[in-house]
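Following the hints, position chain B against chain A.
If you read the sequences in order, they're chains A and B.
If you read the first sequence in the numbering used here, its first letter stands for residue 961, the second for the next number, and so on.
If you read the second sequence in the numbering used here, its first letter stands for residue 121, the second for the next number, and so on.
Don't read these hints as lab results, they were simulated from the structure.
Small disclaimer: the values here were computed from a predicted structure and weren't measured.
Among the hints, a few may not be true.
Which residues of chain B face chain A? A partial, calculated answer using Cβ under 7 Å [as the list claims (entries may be wrong)]:
| hint | residue |
| --- | --- |
| 1 | Leu757 |
| 2 | Gly759 |
| 3 | Leu761 |
| 4 | Ala766 |
| 5 | Phe770 |
| 6 | Asp787 |
| 7 | Asp791 |
Where a beta carbon is used, it is the ideal one built from N, C-alpha and C, also for glycine.
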Amino acid sequence: VTVPRARVVVVDDDASVRRGLDRLLRSAGYDVETFASARAFLDRGDYNRADCLVFDVRMPGQTGLDLQKVLVEAGYDLPILFVTGHAELPMAAQALKGGAVDFMAKPFDDDMFLEAVRQATLRGRQPRRTDADRVRPASGDTGSR
Amino acid sequence: VSHPAATALLVAVAYYAGANLGLVLRLPPATPSVLWPPNTILTAALLMSPPRHWWRYLLAALPAHLLAELGVFPLTLVLALFVTNCSQALIAAAALWRFSDAPARFDTLRRVTLFILSAGLAAPFLSSFVDAAAVTVTLGESYWLVWRTRLFSNVLTELVLGPAIVLALSAGPAWLRNASRARKTEAALLVAALTLVGGWVFGIVTDSSGLIPGGSVLVFLLPLILLMTVMFGPGGASLALLTTSVIAIVAGAHGHGPFASLPRGDAVLALQLLFSGMAIPILCLAAVIMERRQAVRDLAEQLRLEMLLSRLCTTFLRLPSYEIEGAFARSMRQIGEAAGVDQVILWWQRRSDERVARYTWSAVRGTPGLVVRPEHEFPWTLAQVRVDEAVVFSRLEELPSAAARDVESFRWHGIRSAIIVPLVETVQARGTLCLFTMATERTWPEGLQQWLRLVGEALTSALARKEAEDALRASELSKSAILTSLSSAVAVLDLEGRIVDVNARWVRTAAEAVRPTPAGLAVGANLLHAWQQAARDGVPSASEAAAGIVGVLRNGHKEFSLEYSSRGPAREQWFVMSVVPLDHVDGGAVVSSTEITERKEAELEVQRSRQELAHFARVSTVGQLTASIAHELNQPLTGILTNARAGLRFLDAGPPDVAELRDILSDIVDDDKRAAVVIQRLREILRKGEIQRALLDVNVLVADVVRLLNSDAIIRNMAVTLDLHPQPVLAYGDRVELQQVILNLLINAMDAMTEVGEGDRTIVVTTEATLETVHVAVRDRGKGVSVNGSDRLFEPFFTTKPSGMGMGLAIARSVIEGHGGLIWATENAGGGAVFHFALPAAVADPV
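Next comes chain A alone, as it looks inside the complex (with noise of 0.2 Å):
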């Protein structure tokens, strides 16, 4: 039984990271697809394919947030990891009220990252939630509706 292996999308400006995250990820037995920027991300296309984003939230152009939003308008509920090299509060309370399942300050420690990604990549091979689930995820009022 092979279980296919989850793939991680990384969009980071900064070159080096992304080869050093992208080397940490496959380390850790992930698939991993990297973009320099936003815009290079979403023309891509087929986001669904992915089991869990990896965004810098400072970017040239349009900043992770920016993207998130992009996709949750879309339509995707897809499980978001954000970095930052200068993390502020008001920002990842932002990020984490668009959907975000983390949001770590870089440099961060790997085995955190990783365990970051394996809980995003296991909730992201689960059956969609509405997005009212997720918000409050531990209630036993979820299938009430």
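Only chain B this time, still in chain A's reference frame:
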């Protein structure tokens, strides 16, 4: 005798006495006298006074005439005789006043001839016809006898008594006052001798009548008369003639004398003819002698004047201008004495201050010169002088009626006659030379006038020269005073670099110098060689100094300036040396050396403070950039960490892919380098140290700073666009300082745009270059600068930001101005502000 009434009275008395004398001297049978003084006395009075006064004397004579003759003759005859007597005097006086230049003088042949013809001959001749007629009609005497007797007696009286009276009254008092004792003794002896000899000849003293008959007696008298004539001129002649004729007539009346043997009437006639005939040549001779003497005197006088003139000229030529003033006082005396006047005044209007210089001399020792106000007192005279006309008058009456005011003033000052010569320099009347007489009236011979004109010219040229030299000296004095007062040491060099002259400060500097420096050489030493030697000895700045001096001396450079330091006795001293060309045909230069140690120390102190402040500002700026810098560092650190972890995982997982590991290590090295560059830039910005001027490309500076801010711009969602000049934009300056300025302007721009929220958040940085300047502009689209604030933007502690210190722009300004540039702010046309700065452009290869 000046009072008219007194003169008239004197005339009356004299007339009465003369009439009595004449009546006594009458020889019967004819009525007329041998000698008849009244007519001559009247004539003399008329000769000595102007025609407008004549009526007084004629009127005064009438009572005297009546008094003398009424008892002798019938009234009608007395009155008729008065008329004829008056007519004789009037004819004589009128003719002389008409034709003679000086009716009362007998010192030229012309005057004497006119006197003889008018008074001596014509007047008695004409008046005698009526006189004889009156006598004949009244007394029945023989007409021709009366006519002849009256004629000859009056001719004799006029010729002998006339000059004697006039001269006794006009010249006599002065002669008595001024003649030496010896001269008076001579005169007295001669008169005594004449009287004795005359008495002897005419038989009064010695009764020897007829001893030597006929005119041969004159052999004894004539020599004495001639002697008196030669020795005493007309006065002596007339005195001698009068004396002898009176003796002869008195003798004749008493029947003595050489003509005693003749009938009495013939004897009188012979006497009259003899003395009249003798008087004419004697008077002429006296006049000729006087003329000769006068000519000799004139010549001597002229010579004296010429000598004085040439002495004045040479004196003024030779004297230095500052002694001319003193020489003028002496000259006034010499001129006054030479011309024989009582006052000499010279006015000269100075060109420098328009004031009037005044030099005076007075004949009376110790009395000051006249003080007059020409423009008020002598308007007419002044007007004449202004048109280069001399004013000359012997008597105030000669002045025209237009000069009434002047006449009044002359009279008030007691001036009787004057000559006033304009002093004309080129075409402008600058002053006057005035000679006045106060005691007497006098004439001004043409020669004297000419001479004074020449003297005036000599004085004018001396005054003009003095003015010119004074002006020159004043300017030289002021130059020298300036040189002396300078705090700079100044030396004048010749073309070779030798010191020709130095000021006092240079000498003092040389004396104070502990060890000899080129800037302390004495006159005669060669400053250029000294600097060149110092350059060979390796003295700092010496070669520049030498080259600079050579540049000005030989290569036509207009200016050279050099600041240099020299180790003084206690501390380092700073000097600025400036060299400029000497404006002189032989070339040369002026070197000035000024100690600027204090200024230099102050400058260095200011520079240090500025550096401290700038450093502090940089540290605080970097503090604001922490987030951006953290991001700049986080990126490579993240790259390093993730790559390293990935590598470890690959190793743990089994046989590693070597190629993969090499890539990982390579990326790690690159990231390390990237982090090192960020840190390097940070250290550069935070560097604290000496300003290092270097040739910089402002384009590169701008790009570096923008890169440092890049992350911040991204974080703050702003864009920085560069619009750089295509060629390198070169300026000479300190990299760190200029980067700080650009950084400050960019941070300000970002802060300004943060507050306006979303929109076009682009900052445009422009660089431009011209031949002279380098221009950098930072445009933002923020809230802009207020017009009021723009004046104060660059002042310290002016801020609009809640957290700002207000030092950024102040420091930027001090940096830019320290680089010789300008910084300013304008409104951005599309909203926002533009901050500009401009620096002097540098050439690619600065020397």
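To see whether the hints hold, each was checked on the structure:
For the restraint placing B:Leu757 at the interface with chain A, the shortest Cβ-Cβ distance is roughly 5 Å, inside the 7 Å limit, so the hint holds. Residue-level restraint check for B:Gly759 holds (minimum Cβ-Cβ distance to chain A is 3 Å; threshold 7 Å). Interface restraint check for B:Leu761: the shortest CB-CB distance to chain A comes to about 4 Å, inside 7 Å, so the restraint holds. Given the 7 Å rule on beta carbons, the hint for B:Ala766 holds: about 3 Å separates it from the nearest Cβ of chain A.
For B:Phe770, the interface hint holds, since its Cβ comes within 7 Å of a Cβ in chain A; the closest pair sits about 5 Å apart. Interface restraint check for B:Asp787: the shortest CB-CB distance to chain A comes to about 5 Å, inside 7 Å, so the restraint holds. At its closest, the beta carbon of B:Asp791 sits 5 Å from a beta carbon of chain A; the interface hint therefore holds under the 7 Å criterion.
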